Structure formats: structure tokens, C-alpha cells
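Student: With the hints as extra help, turn the sequences into a complete structure.
Just so we're aligned: 1355 in the numbering used here is position 12 of the sequence shown, and the numbers increase by one with no gaps anywhere.
Check each hint, because a few of them may be wrong.
In silico DSS-like links for lysine-lysine, alpha-carbon gap of 25 Å or less [what the hints assert, rightly or not]:
id	residue 1	residue 2
1	1969	1946
2	1850	1796
3	1949	1969
4	1796	1663
5	1520	1429
6	1786	1796
7	1961	1949
8	1796	1666
By construction, these hints were calculated from the structure, which means they are not laboratory data.
Keep in mind it's a predicted model, so treat the numbers as computed, not measured.
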Amino acid sequence: VNNCGLQLVIQTSSITDKSKPFELRISKEQSPFHNRLLQHDLEKNYSGRQDNTHFGSSSSVTFPVLQRTAEEKILNSDRLTLERQKLTVCPIIDGEDNIRLLNFQHNFITRIQNISNLQHLVFLDLYDNQIEEISGLSTLRSIRVLLLGKNRIKKISNLENLTNLDVLDLHGNQITKIENISHLSELRVLNLARNLLTIVENLNGLDSLTELNLRHNRVSAIKDVDTLPCLQRLFLSFNNISSFEDILCLADSSSLSDITLDGNPIAQETWYKHTVLHHMMQLRQLDMKRITEEERRMASVAARKEEERRRESHKQTLLKEKKRLTICNIARQWEIQQNRIAFVESLNQDKDNEPCQINGSAAYVFPEESRSLNTILSSAVQGLSVLESHLVEVEGDTLCLYGAGALECLDRNWSVQTAGLIVTVSFMFIEFDEIVQVLTKLKIKFPNSVHLKFKETNLVMLQQFNALAQMHRIEQLTVDPQGNPVVNFTLWKYYVLFRLNHFNLQKINGVKVTENDIVMAERLFGILAFVASSELPHYRMLSIFGESRRKQFHYLLEEKGKKSGNGSEESSDHRRNGGESTTRATLNYTTKDFHMEKLEEIKERKTFCQTYVENLVKEAADINMKNESLQKLWPQMFIELVRDAVVEIRNKNSYMKLCLQRITDQKQ
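Tutor: Here it is as C-alpha cells:
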């Protein structure tokens, strides 16, 4: 080798024919040009060989043969350097069994071979070649340093017999997975920089490893590092680590003293340094910078604050997720309920026509009832507790009620401050008839509420808006089209304005109410209130109005009121003061449940009356039948009575004794 000043004899020989060697002598005294010429001849001699990986081929495979003179062996008896010689294969090295250091750097070698005879080899350097597979090393049990950086290796393999390996350099290759190295218990340095690794794993068994280089990979998660008892230096610069959870196992390593994480997404976070130092108190250097005690103290304080913030953020995230799943559960229950109601109604209609039966029994089935809600939502409640069927939430000045069970919250002891802040009340997935029953409580509990929202509340007819008149004040009304078919009526807004005229509504569904809207509402529905009040019986009117307005109603009926003009002025003043118009009050709403209760009560009374009359008729019929029978039997009975009396008094003494005996028996 010219660079080392050695005089070598290099000959090439065919494996199939070694009797005709081609020998080149490269001496120190020859010119560089002459040396390059000899090298060219050497390469030309074996450049035409076929790929030597096909051992079964019958064609000859030619290798260069390297021989050194005795003088050269004395000068460098245990080392041989063949770097930058444009070698494409490893030459055959004869008579060099004592070599301990072999250098093949910067060549074009594609396969490790022809060195199995170097049993004393300790140091093998094949840096910057074209090797694609680790092979040909099974006999080199004494090797301690193996340098295979900057090659084309894709997999770590064939290292089973290298149990004494101390340094393994595989940087600059195409390795995608750490594997087949757990038996290298003597390995101290492992270099896997500039590969294609995504996960650090399979490091168990590397009990002597002190340095691990993983720079310039694609690592996003780290495992098993905490099992390395001697690891001191870990280089993870320029990877894809984005959160501390990805490297959490490093906090459990007691021996780690030097780590680099610069060039990772995690290093851009404000909490990066503080968090790392807080969890790895044993570190002496971070990103190649020495750590001071002041930095440790500040990191500990900052890490605690960051941990509290993250814990709170995580808690809020869980609460939001649970809220979302709960609302989904409530919506699912609402959907099942609405489907069931629609099904029952259709079933009742079918009964009037032609009921569908199979084998004498109804063929209808509720698919929703065949499995529980927990089964339906099992995939959505991962890690969370059993979901509630209702939800109550206060967001700023809005009280949100989800599900019918949420109405029970109105019975709670709300603080004056919280209740006073509530301006908007939102109802979702609740039957409007159930809402009507708690409007009085709502008015008392939240006196400042002026905005009502309805979504999925089954508002289906204009008459239901009458129930809102019992509120003490409403400035805004929002009725979502979803689940409220009533908004499909063109005139529903005008009816609301007419019926709730005493509230002076400002907005309906976010649209400001104008004077023209109020006038139009009066024109459309003004006659309705007059007809309702005219047709309603007086006793029903009195029961609707209550004691406070009965006197006024009597006054109107007796036509002792003021003139019509004054009456209109009084009505306007009354409306401005928040009072409800007398005629509009007759437009009320009866919930389905209340209506059904009334029908049930009427049915019970009807049944009682019918039963009572039937009993009276039956008793009268029995009495009449007895009277007729008596009239028929009486003549014969009278004759028998007279006859018995005559027979008894025929013997006066016997009759008297008999009477005395009867009197005596009665006294006893």
C-alpha cells in the first residue's frame, strides 16, 4: 500500500486454477503514475468475474491474492490497511494468520468474504463500501470492533458467534429494526445513526452497553432503554419524538448521564428542558450542554406547574369527551323513544283497518329493545364510566338541560349568585309536555331568565306555545327546526307574537321583531281570542283566570266597563305593564298527560254512574218480581193462615198451655 510505504506483492488467482498466478509488485520507489497503471492492470484481471454469491455456479470466480514480504510483515505484523484501493471484493490473504487489525475503508466491496482464516482478528473496518448483508464473520470469534458504517445493510443478522464484540458501528445503512443483538452482553458502543429506525426496542441483554447513538433516524417511540444497567450516553438528535410520553422509559434509567434530543419536535416545546430535567435528575449533560444546579431547581418548579396544567387540561378533555358521549347516549335514547311512539301510533291506526298477525300474534318487534344502550354504545365509552341518561350544564349565563331527567335539577338548592346569572335556558331531547310542568319552577328558580331555547322537544302544534304564557318574562325565543315540526308552519312566528304579546318579545330565532310583525300577528289571530272567549262557558273562564281576575271578568260580562276607546287604552297600559290580555288567556294548553288524566277521570265517573244505575235497576226489578209473586201466592197463603188459626184455637185449654209454654221458653 503506497500510503503506508509498504512494498507488497499482490497476485490474482482463480479459485478453479491457482497454478497460474498473476503477480504485481508495488514498490515505494515507483512513481504514482506507474502505481495507478499497475492497479488498473490488477482490476482488469478480475473485473470480468461473475457474482460470487452464487456458489453453485460452475463458472470460475476470481479474487485478488495479497502477499507481503518478510520485511513488511515485521514492520506491521498485526495490521493491514487496504483503504481507497477501489476493491470490489475482499482479497485472499495468505500467511497472515496473526493479523489483528484489518482496514478496508472507502472501497466498493459488496460482500464480506475470504477473511475466515484470520482467527486472531480483533478490529475489522469496512466503512464506506457497498455491503448489503452481514455475513462471513461466523469464525471470527475474537473480533472486538466491527465497523460497517456507510454501507447498504438492511438487516442486523449473522452476529451470533461474535459474543466478544465491544464496538458495533452500523451507521449510515438502511436498517429498519433493531434485532438479533440481545446476545451481545459485552457490547459497550452501538452506533445506529442515519438509518431508518422508527421504534427503539429489543435492547434486552445488552448489559454492558454504555453508549447508544441513534441520531438522524425516524424514531418516534423508545422502549427497553430502562433495562440497560450501564447506559450512560444516549444520542437521539434529529428524530420524530414529539411528546415526553414517547421517551418516558428514560426517566427510569438510573445510569443515564448524557442525552441529546435536539432536532426533535419535542425540543421546540417551551416545557421541554424543564420536563426532561425534572424527570431525569441524574443527567449531567443535555444536548451537549452541562446542567447547573440552578437549572435543575428552576426545572423542578416549572415542571410541577406544567404537570398541573397538563393534568387540568387532561381532566377537561376527559370531561368534554364524557359530555359528548353522554349527549350521544341521550340522543340515542330520544331517537328510540320517538321511534317507539311513532310505531305505537301506526300500530293503533292499523288496528282500525287490518291488523297484521302471524299465528294469531302481532308480528311487530322493537329492534331497539333487543339490545341495551350499553351494547349499542360499548365502542364509544372506552375507559369512561357508565353514561348518564341526562346532563345538566351551566355555560356562562346559559343553563343547558339534556334529557328528561335533567328537569329534576330545578329542585336543587341553587345559590342566589348562580341562579341570578342564568339568562338563557336551553332544552334538548325533552318532551315539551314535560317542560310545561316545570315552567313555574323555572320562573321561581331563575328570575332573570329571558331567553328560552328548544331543540328536539317535539313541538308539533301552535297550541303548545300557549303554555309559555305562564312565564313572568321572555325577551327571546329560539325554536330549532331539528325535532320541532311546528316551525314548518308558515305563520308560527306570528302566532307566538300574538299569544305572547304581553312579553314584548325582542327576537325570535335570532331575528329582531318589528312593529309590522306585531300588527300582522294581531290581524291574523285577533279574532281567534274573541271566538275562544265567546264560546267558553263562564265557569270555565273563571277557573282559568283565577281569583285576581274574576272581578274584572264579571265587570266585563255585566257591561259596566268603560267605553271601547278607554278600554283599548287600558288594555294597552295593562300590556305594557306585563299583564296578559283577558281574551288571550282563554287560549291555553293542556298537556297530553293532563288530558289523558281527565279522560281517565271522566271514564271512571262514567263507569261508576253506570254501575250505580245498573244496581238500582236490578234491585227495583227484584222487588217488582217479589211483589208479583206475592200477589199470586197471597190467596192460598191467606186460606192456610186462617185454617191453621182455627185448628190451633179449637181446643182452648191446649192452645192456652201452648201459648204459656212459648212464653216460658222465650224468657229462658
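Student: Each hint needs a verdict: does it hold in this structure or not?
Tutor: Tested hints:
Distance check on the hinted pair: residue 1969 and residue 1946 sit about 35 Å apart at the alpha-carbon level, beyond 25 Å; violated. Between residue 1850 and residue 1796 the CA atoms are separated by roughly 12 Å; this keeps the pair inside 25 Å, and the hint holds. Restraint check: the Cα-Cα separation between residue 1949 and residue 1969 comes to about 30 Å, which exceeds 25 Å; the hinted pair is violated. Proposed proximity of residue 1796 and residue 1663 is supported: the alpha carbons are some 22 Å apart, at most 25 Å.
Our distance criterion of 25 Å between C-alpha atoms is broken by residue 1520 and residue 1429, whose separation comes to about 31 Å. Distance check on the hinted pair: residue 1786 and residue 1796 sit about 15 Å apart at the alpha-carbon level, within 25 Å; holds. Between residue 1961 and residue 1949 the alpha-carbon distance is near 18 Å, which keeps this suggested pair within the 25 Å criterion. Distance check on the hinted pair: residue 1796 and residue 1666 sit about 19 Å apart at the alpha-carbon level, within 25 Å; holds.
Checked against the numbered hints above, the structure breaks hints 1, 3, 5 and satisfies the rest.
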